[in-house]
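With chain A held as given, fit chain B onto it using these hints.
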Amino acid sequence: MHMHHHNTGGIAIDSYACNSRLRHISAGFKAGFSMLLLLFCIFADHPVISVLLILFAASVTVFLGGIPLHDYLSVLGIPVFFVLLGGIAIAVDLSLQPTGDFYLNLFFCYLCVTYAGILKAFFLMLKVFGAVSCMFLMTLSTPSHELFSVLHKIHCPSLFTELMHMIYRYIFILLEVQHNMQISAEARLGFCDFRTSCYSFGQIAANLFIVALKKANAYYDAMEARCYDGTLCFLEEKKKLPLPYIISSGTFFLFLVVLWLFIR
Amino acid sequence: MKESILEVKNLHFAYDEHHTVLDGISLSVFAGERIAILGSNGAGKSTFFLNLNGVLTPAEGEISYRGTKITRKTLKKLRQHIGIVFQDADNQIIASSVLAEVSFGPMNLKLPRSEVEERVNTALNYMNISQFKDRPPHYLSGGEKKRVSIADIIAMKSEIIIFDEPTASLDPLNAAMLEEVLEKLSREGKTLLLSTHDVDFAYRFADRILVFDNGRILADGTPLEVFKNISVLKQANLKRSLLLDVCEDLAAHGLFPKGSFYPRDFSEFHTYLAQRNSF
Chain A
1 MHMHHHNTGG IAIDSYACNS RLRHISAGFK AGFSMLLLLF CIFADHPVIS
51 VLLILFAASV TVFLGGIPLH DYLSVLGIPV FFVLLGGIAI AVDLSLQPTG
101 DFYLNLFFCY LCVTYAGILK AFFLMLKVFG AVSCMFLMTL STPSHELFSV
151 LHKIHCPSLF TELMHMIYRY IFILLEVQHN MQISAEARLG FCDFRTSCYS
201 FGQIAANLFI VALKKANAYY DAMEARCYDG TLCFLEEKKK LPLPYIISSG
251 TFFLFLVVLW LFIR
Chain B
1 MKESILEVKN LHFAYDEHHT VLDGISLSVF AGERIAILGS NGAGKSTFFL
51 NLNGVLTPAE GEISYRGTKI TRKTLKKLRQ HIGIVFQDAD NQIIASSVLA
101 EVSFGPMNLK LPRSEVEERV NTALNYMNIS QFKDRPPHYL SGGEKKRVSI
151 ADIIAMKSEI IIFDEPTASL DPLNAAMLEE VLEKLSREGK TLLLSTHDVD
201 FAYRFADRIL VFDNGRILAD GTPLEVFKNI SVLKQANLKR SLLLDVCEDL
251 AAHGLFPKGS FYPRDFSEFH TYLAQRNSF
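Chains as they are written, first to last, in the UniProt record's numbering: chain A, 1 to 264; chain B, 1 to 279.
A few of these clues could be false.
What the hints assert, rightly or not - Pairwise CB distance ranges, derived in the manner of DEER restraints:
no.: 1; chain 1: B; residue 1: Thr68; chain 2: A; residue 2: Tyr170; range: 32 to 38 Å
no.: 2; chain 1: B; residue 1: Ser40; chain 2: A; residue 2: Leu189; range: 31 to 37 Å
no.: 3; chain 1: B; residue 1: Glu118; chain 2: A; residue 2: Thr231; range: 19 to 25 Å
no.: 4; chain 1: B; residue 1: Leu170; chain 2: A; residue 2: Gly77; range: 39 to 45 Å
no.: 5; chain 1: A; residue 1: Tyr170; chain 2: B; residue 2: Ser40; range: 29 to 35 Å
no.: 6; chain 1: A; residue 1: Asp229; chain 2: B; residue 2: Thr68; range: 16 to 22 Å
no.: 7; chain 1: B; residue 1: Gly142; chain 2: A; residue 2: Ser74; range: 48 to 54 Å
no.: 8; chain 1: A; residue 1: Asp71; chain 2: B; residue 2: Leu170; range: 49 to 55 Å
no.: 9; chain 1: A; residue 1: Leu163; chain 2: B; residue 2: Glu180; range: 37 to 43 Å
no.: 10; chain 1: B; residue 1: Glu118; chain 2: A; residue 2: Ala89; range: 22 to 28 Å
no.: 11; chain 1: A; residue 1: Tyr170; chain 2: B; residue 2: Ala59; range: 28 to 34 Å
What the hints assert, rightly or not - Derived pair list, reagent style DSSO-like, types lysine-lysine, alpha-carbon separation capped at 30 Å:
no.: 12; chain 1: A; residue 1: Lys215; chain 2: B; residue 2: Lys157
no.: 13; chain 1: B; residue 1: Lys184; chain 2: B; residue 2: Lys2
no.: 14; chain 1: A; residue 1: Lys214; chain 2: B; residue 2: Lys76
no.: 15; chain 1: B; residue 1: Lys9; chain 2: B; residue 2: Lys234
no.: 16; chain 1: A; residue 1: Lys215; chain 2: B; residue 2: Lys234
no.: 17; chain 1: B; residue 1: Lys76; chain 2: B; residue 2: Lys133
no.: 18; chain 1: B; residue 1: Lys73; chain 2: A; residue 2: Lys215
no.: 19; chain 1: B; residue 1: Lys157; chain 2: B; residue 2: Lys234
no.: 20; chain 1: B; residue 1: Lys77; chain 2: A; residue 2: Lys214
no.: 21; chain 1: A; residue 1: Lys153; chain 2: B; residue 2: Lys133
no.: 22; chain 1: A; residue 1: Lys239; chain 2: B; residue 2: Lys2
no.: 23; chain 1: B; residue 1: Lys9; chain 2: B; residue 2: Lys77
no.: 24; chain 1: A; residue 1: Lys214; chain 2: B; residue 2: Lys133
no.: 25; chain 1: A; residue 1: Lys153; chain 2: B; residue 2: Lys110
no.: 26; chain 1: B; residue 1: Lys133; chain 2: B; residue 2: Lys69
Said to hold, decoys possible - Non-contacting residues of chain A with respect to chain B, defined by C-beta distances greater than 10 Å in every case (computed):
no.: 27; residue: Val51
no.: 28; residue: Leu84
no.: 29; residue: Leu111
no.: 30; residue: Leu232
no.: 31; residue: Leu235
no.: 32; residue: Arg264
Please keep in mind that the hints were generated in silico from the structure rather than gathered at the bench.
Virtual Cβ for every residue (Gly too), placed ideally from N, Cα, C.
Same shape as in the complex, but just chain A (with noise of 0.2 Å):
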């Protein structure tokens, strides 16, 4: 299937998600599945089933999903700055005595690791990534309006569903919109420097804002114009759930739990 690859980081997952092989499996199931996992990655809290969960996303991501190893990796690569950060927090102590099995002496204070310290961190990171990969396992092969219908199913309240819907698509316009004036800036020299790009900038956000509102008026007429009558209802289709799926995801989970109960 073509389409127009965005290289921003949400859009890419999104376009991504539309491209997947597994889409055409039930929302539902997918969701409630990777839900699952997440929280019993959560709740197992150790190494080896993190590892697990680990490998068992990517490999279906990419083997079953058919999105590429090397984007697959720079997804997950959003969250590593932030899980490596909270890692080396984690790991090291900041103390008045030297203590621990390392430590750097800071004239005034000493910050201080351990072997123990290090593991935990290191484990901690593993839970970390095996919750995400379970996150991924499902906004990679489900596409957002999707995973609102099935919010929408589980009675989350419709404001909030709605709101997604509408904010959801609003995006990709006021991105497109605003793309094109930072073009049409760029082509006229708007961000020569520093300061004409700081006024450059500021002009564009204020033209957004007023774009949005007008767009915003806009939308609703045409809204209006067929029928709107307060409450946003969208045809779904009904997505098939193979049997294969639920097996082998069933026994998938059921070694899990057993493969845990062993090695706690």
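Here is chain B on its own, set in the frame of chain A:
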């Protein structure tokens, strides 16, 4: 005489006090007509359309569809009979997938699910976009978006379909495809109203042309009547259809019958020339 399905009487509309956009529009639309509305930017065409659909409420005057006056109460029932395809598809498409988008109208009509499904699939096939069903609208090209926005209205099965500058920003291929769709809709008995700046298109497509100027109807007649009325064209800053110019020029030099035959499009023109040469 055909039956009149839409009656507009003395319509006035203003966005604010000092700026009258529609200044006494009166008009009868008959079933199955193909009406093109010409006029410069800001002449009030789009505003007129939004009034017809009840999105904007006129300050004065009334609109009735098949004898029923449009009021707050009857608005919803009437809206389903008068559909608008907006100029900018991006301002019309609200859902996150093509299927959901086309279903929005029929869902609002509170039809049963099976009926909605049937209508949506028919509309998608009609516009030849079934293969984009699951795709989010922001991954479609301009021409594809336009087709989606037309499918939106086809799914509502409106009797009157209004197109606000349908050919604007379409490439020649998409514009030709659009014209085919309009022909097809017209053959199926839909009443079409469209605004355009393309005089050649209006000349060959419409069987009635309205010229808007400063919120009034300056001329109302067949394409020939309108395009032969030089003073109207001048006042509304309109160009003439190229084909009409060519024919009149040829006629002036005795190369074409004078005042009796006016081909509507180039294929009719070619057929005539071919026949003429064969004598």
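Each hint, compared with the structure:
1. Thr68(B) to Tyr170(A): 32 to 38 Å: 36 Å, holds
2. Ser40(B) to Leu189(A): 31 to 37 Å: About 34 Å separates the Cβ atoms of Ser40(B) and Leu189(A), which means 31 to 37 Å holds.
3. Glu118(B) to Thr231(A): 19 to 25 Å: Between Glu118(B) and Thr231(A), where Cβ atoms are some 22 Å apart, the hint holds.
4. Leu170(B) to Gly77(A): 39 to 45 Å: 41 Å, holds
5. Tyr170(A) to Ser40(B): 29 to 35 Å: 32 Å, holds
6. Asp229(A) to Thr68(B): 16 to 22 Å: About 19 Å separates the Cβ atoms of Asp229(A) and Thr68(B), which means 16 to 22 Å holds.
7. Gly142(B) to Ser74(A): 48 to 54 Å: Cβ of Gly142(B) to Cβ of Ser74(A): about 30 Å, so the range 48 to 54 Å is violated.
8. Asp71(A) to Leu170(B): 49 to 55 Å: 34 Å, violated
9. Leu163(A) to Glu180(B): 37 to 43 Å: At roughly 39 Å between Cβ atoms, Glu180(B) and Leu163(A) fall inside 37 to 43 Å, so the hint holds.
10. Glu118(B) to Ala89(A): 22 to 28 Å: Taking Cβ atoms as reference, Glu118(B) and Ala89(A) lie about 59 Å apart, which means the hint is violated.
11. Tyr170(A) to Ala59(B): 28 to 34 Å: For Tyr170(A) and Ala59(B) the Cβ distance comes to about 32 Å; the hint holds.
12. Lys215(A) to Lys157(B): 27 Å, holds
13. Lys184(B) to Lys2(B): At roughly 20 Å apart (the allowed maximum being 30 Å), Lys2(B) and Lys184(B) satisfy the hint.
14. Lys214(A) to Lys76(B): Given pair Lys214(A), Lys76(B) holds - Cα atoms ~24 Å apart, limit 30 Å.
15. Lys9(B) to Lys234(B): 27 Å, holds
16. Lys215(A) to Lys234(B): 34 Å, violated
17. Lys76(B) to Lys133(B): Given that 30 Å is the threshold and the Cα spacing comes to 27 Å, the pair holds.
18. Lys73(B) to Lys215(A): 27 Å, holds
19. Lys157(B) to Lys234(B): Judged against 30 Å, a Cα distance of about 38 Å means the pair is violated.
20. Lys77(B) to Lys214(A): Measuring from Cα to Cα gives roughly 28 Å; hence the hint holds.
21. Lys153(A) to Lys133(B): 21 Å, holds
22. Lys239(A) to Lys2(B): Cα-Cα ~48 Å, so violated.
23. Lys9(B) to Lys77(B): 20 Å, holds
24. Lys214(A) to Lys133(B): Holds: Lys214(A) and Lys133(B) sit about 29 Å apart, inside 30 Å.
25. Lys153(A) to Lys110(B): Holds, at about 19 Å.
26. Lys133(B) to Lys69(B): 38 Å, violated
27. Val51: 34 Å, holds
28. Leu84: 33 Å, holds
29. Leu111: 48 Å, holds
30. Leu232: Label violated. Min Cβ-Cβ 8 Å, cutoff 10 Å.
31. Leu235: Not fine: 3 Å to the nearest Cβ puts Leu235(A) too close to chain B.
32. Arg264: 42 Å, holds
Hints 7, 8, 10, 16, 19, 22, 26, 30, 31 from the earlier list are contradicted by this structure; the remaining hints agree with it.
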